[in-house]
Amino acid sequence: SQKIEQNSEALNIQEGKTATLTCNYTNYSPAYLQWYRQDPGRGPVFLLLIRENEKEKRKERLKVTFDTTLKQSLFHITASQPADSATYLCALEGGYNKLIFGAGTRLAVHP
Amino acid sequence: DAGVTQSPTHLIKTRGQQVTLRCSPISGHKSVSWYQQVLGQGPQFIFQYYEKEERGRGNFPDRFSARQFPNYSSELNVNALLLGDSALYLCASSLEHSGFLSYNEQFFGPGTRLTVL
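As you go down the protein sequences, you meet chains G and X in turn.
Under the numbering used here, read the first sequence as residues 243 to 353, first letter to last.
Under the numbering used here, read the second sequence as residues 1495 to 1611, first letter to last.
Calculated directly from the structure, the hints in this document are not laboratory data.
Quick caveat, the model's predicted, so the values are computed rather than measured.
Treat the hints with caution; some may be incorrect.
Stated by the list, open to error - Result set (SDA-like, lysine to any residue): computed pairs, CA atoms no more than 20 Å apart in a straight line: (1) X/K1507 with G/G283; (2) G/K245 with X/V1532; (3) G/K313 with G/L291; (4) X/K1524 with G/F288; (5) G/K245 with X/F1554; (6) G/K301 with X/N1598; (7) G/K245 with X/G1534.
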């Protein structure tokens, strides 16, 4: 079955540094991959989508890469801020509106 | 514009009871999906409805059921509650349903926190 792995340990970084989060998947070849942000007690908020034929995508301070050979996506936040502290979820499409989520990585940006 | 709304916000039930959770999608959105998120895990797909028909079902027991109404709002029902059903239940809506080559962004609601005692 499809499986998504994200770093289970929290990532702690200093303000201004670049945060890099990893998403690995197995047993699947998704047409696209997405990243979401989730704050405690709230629903996930869509950040970026990258398609299988795209190597990299950027949105403001966010950058996502997608390596279909390695079956891996990297999510970068440059010039990180304490407000970026949240859990970041990786999700693959699994059919009609079905998203398969990883467990998420908690990011803490310290002043 | 109002986003996806869910009710109630919080709910406490006891084992064996039944619960109904409600979701109102963004105006104009025809597709609604339900997810269960247990603490410390990512959301897990339960159902997807499009134009009032079930289009997808996740690996959940028959105790879970849902429906979509003509106004595209949706209800999720869970019977014979178990302690393990305690979770955040998320509803997501999108304009259309997504397929292999197309994508319609899903917008999530704030969720309903269900606690089963």
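Each hint, compared with the structure:
no.	hint	verdict
1	X/K1507 with G/G283	holds (19 Å)
2	G/K245 with X/V1532	holds (17 Å)
3	G/K313 with G/L291	holds (15 Å)
4	X/K1524 with G/F288	holds (18 Å)
5	G/K245 with X/F1554	holds (17 Å)
6	G/K301 with X/N1598	holds (18 Å)
7	G/K245 with X/G1534	holds (16 Å)
The structure agrees with every numbered hint stated previously.
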